[in-house]
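We have chain A; now place chain B onto it with these hints.
Number of protein chains: 2
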Amino acid sequence: MSGNVQLVVVGSVALDDIETPFERREGVLGGSVSYACAAASFFTKVGAVGIVGDDFPAGAIETYERLGVDLAGLQRVPGRTFKWSGVYEDDMINRRTLATELNVFEHFSPDLPESYRDAPFLLLGNISPELQLHVLSQVKSPRLVVADTMDLWINVARDPLMEVVAKADMLTLNDVEARMLTGEHNIRKCADAILGMGPGYVVIKKGEHGAILVSGEGIFIIPAYPVDSVEDPTGAGDSFAGGFLGALARGGEVDEKAVRLALLYGSVVASMGVQKFSLESFQNLRLAGIENRLEELKGMMRV
Amino acid sequence: MSGNVQLVVVGSVALDDIETPFERREGVLGGSVSYACAAASFFTKVGAVGIVGDDFPAGAIETYERLGVDLAGLQRVPGRTFKWSGVYEDDMINRRTLATELNVFEHFSPDLPESYRDAPFLLLGNISPELQLHVLSQVKSPRLVVADTMDLWINVARDPLMEVVAKADMLTLNDVEARMLTGEHNIRKCADAILGMGPGYVVIKKGEHGAILVSGEGIFIIPAYPVDSVEDPTGAGDSFAGGFLGALARGGEVDEKAVRLALLYGSVVASMGVQKFSLESFQNLRLAGIENRLEELKGMMRV
Chain A
1346 MSGNVQLVVV GSVALDDIET PFERREGVLG GSVSYACAAA SFFTKVGAVG IVGDDFPAGA
1406 IETYERLGVD LAGLQRVPGR TFKWSGVYED DMINRRTLAT ELNVFEHFSP DLPESYRDAP
1466 FLLLGNISPE LQLHVLSQVK SPRLVVADTM DLWINVARDP LMEVVAKADM LTLNDVEARM
1526 LTGEHNIRKC ADAILGMGPG YVVIKKGEHG AILVSGEGIF IIPAYPVDSV EDPTGAGDSF
1586 AGGFLGALAR GGEVDEKAVR LALLYGSVVA SMGVQKFSLE SFQNLRLAGI ENRLEELKGM
1646 MRV
Chain B
1346 MSGNVQLVVV GSVALDDIET PFERREGVLG GSVSYACAAA SFFTKVGAVG IVGDDFPAGA
1406 IETYERLGVD LAGLQRVPGR TFKWSGVYED DMINRRTLAT ELNVFEHFSP DLPESYRDAP
1466 FLLLGNISPE LQLHVLSQVK SPRLVVADTM DLWINVARDP LMEVVAKADM LTLNDVEARM
1526 LTGEHNIRKC ADAILGMGPG YVVIKKGEHG AILVSGEGIF IIPAYPVDSV EDPTGAGDSF
1586 AGGFLGALAR GGEVDEKAVR LALLYGSVVA SMGVQKFSLE SFQNLRLAGI ENRLEELKGM
1646 MRV
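Residue numbers (the numbering used here), protein chains in the order written: chain A, 1346 to 1648; chain B, 1346 to 1648.
These are computed hints drawn from the structure, not numbers from a lab.
A quick note: this is a predicted structure, and the numbers were derived from the prediction, not measured.
Treat the hints with caution; some may be incorrect.
The list treats identical chains as interchangeable, and a pair is accepted whether it falls inside one copy or across any two copies.
To be verified - DSSO-like mimics (lysine-lysine), calculated; alpha carbons at most 30 Å apart, straight line: (1) K1551 - K1643; (2) K1485 - K1551; (3) K1534 - K1621; (4) K1390 - K1534; (5) K1551 - K1602; (6) K1485 - K1643; (7) K1621 - K1485.
For reference, chain A alone in the conformation it holds in the complex (with noise of 0.2 Å):
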């Protein structure tokens, strides 16, 4: 994609040490700027935002490149990529993180250059709310902020996440973030308390399950898009959001009808993220693929 940047994703970018019950990989590209902005790539011209050590492999930027990732807001500095190691359990759902090396991640300040400060899209990765914060104070006036969080920043930093969901236009979260930051057990209250906290919109995960998205027009129910194999379910979350907000941006509407078929057209893209390792799945898929994959989930929908 050329042109203007239309949709930017802050979040981490990191060299992953994943392992499965099938296979071990070590310093694979992730993150979630990698697997939002890939996801995106299809859609729009997406720009990334944020930082690598000087270990960071030339591939991994051609990965990016090829998939025509702007990448104006990568910051390259001395010393090691962040680094996320985790082993998934049997059900290739369930995973325990072994360690979290953040390395350059832990100075990170995110700087977006000029030329992103227009996009109207904007994806706060899960990062600190702080720096999500210091995003928001740079950019103009999105037409769409979505943020993404986890159970982390709701312990440690709840007073600055407060005021970054107040600012944001959706949040997303998976159903178990949903609770503790509401302190509802019922995923409609859960969703209704945190419309309640600014956001038009909430989208709650549940991995293989889906998600919902609530709004102030109703529930859609987000299905998953049963896959017959998966390699490694890292960063589905992330392909998620940036085909979300990819689709959303090639479409150019903001309203009920254009936020659910481009939640669709990120469920199918997060479906195809986990059938490879890291961002595999996604160097030789085409527009065409996705759009093939969407017919097929809207015929598993159809009454």
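Chain B in isolation, oriented as in the chain A frame:
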């Protein structure tokens, strides 16, 4: 509903002791027959095949009668009625069985009244495969036989269970059971393996995440209606199956389209059932209430 019995339900009738984090109820009407017949009763004439002891309360019989359930197949014998005692965890999903007292159920021989043997629809609730086969030997030529099963029978009675599966038109079971039965982990592979065992349809249930239907015509993702409160999840799978078969019997057609719609009715009725203890939700429910929630659920699936 009056007229001939269109749907026969065979299974357990129980007086359950149920404890949730919020409430404890003793001796409430339960068992697969109770939930499935109640759910089906809104759509069609349903007949119950089960066994109760002489402790079975008159109030429970009245509950069935008010719902219009035909009781010609309900045996009453000396002794105590089957009882399940269980405790739900804080999530209102996971549960622990405290006791299973078979009582009169231990010597249950499901004999169908003559008036049931021509019924076009048959639900073989979760009883031993040997008893399910005994029922199958008594029916003439049902249009659709649905068999439900559970982990216990997969472990202790695999051979007769395989015979039931081969004779059934649809097998319903949960995701864990599907994995046990087939040795596959992936849900699509589980479903394909089960279709290879004989049934034309398999429904894999995922509790509060809904279910999926797999047939030769593809996959249908059956969403669960997101309820805003759950009082007692007991029997949800039975209500789902009963509501499905009731709706199918009412429509009269048995094809992919009709099956999909009827499964949505099953999902809706099950979502209503869990909002109160035992069969309480069904006692003041009318078909119009079901239709309203069905329309709401369809709206939640609309792209």
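We went through each hint and held it up to the structure:
1. Proximity of K1551 and K1643 under a CA criterion of 30 Å is satisfied in both settings, with 19 Å inside one chain copy and 20 Å between copies.
2. When the C-alpha separation of K1485 and K1551 is checked against a cutoff of 30 Å, the pair qualifies neither within a copy, at 33 Å, nor between copies, at 44 Å.
3. For the homomeric pair K1534 and K1621, the shortest alpha-carbon distance between copies (18 Å) is at most 30 Å, but the shortest distance inside one copy (36 Å) is not.
4. When the C-alpha separation of K1390 and K1534 is checked against a cutoff of 30 Å, the pair qualifies neither within a copy, at 36 Å, nor between copies, at 37 Å.
5. Proximity of K1551 to K1602 under the C-alpha cut-off of 30 Å is found in both arrangements, the shortest distances being 21 Å within a copy and 28 Å between copies.
6. Taking the closest pair of Cα atoms, K1485 and K1643 never come within 30 Å of each other, the shortest separation being 36 Å inside a single copy and 38 Å across copies.
7. In this assembly of identical chains, the alpha carbons of K1621 and K1485 never lie at most 30 Å apart, being 37 Å within a copy and 50 Å across copies at closest.
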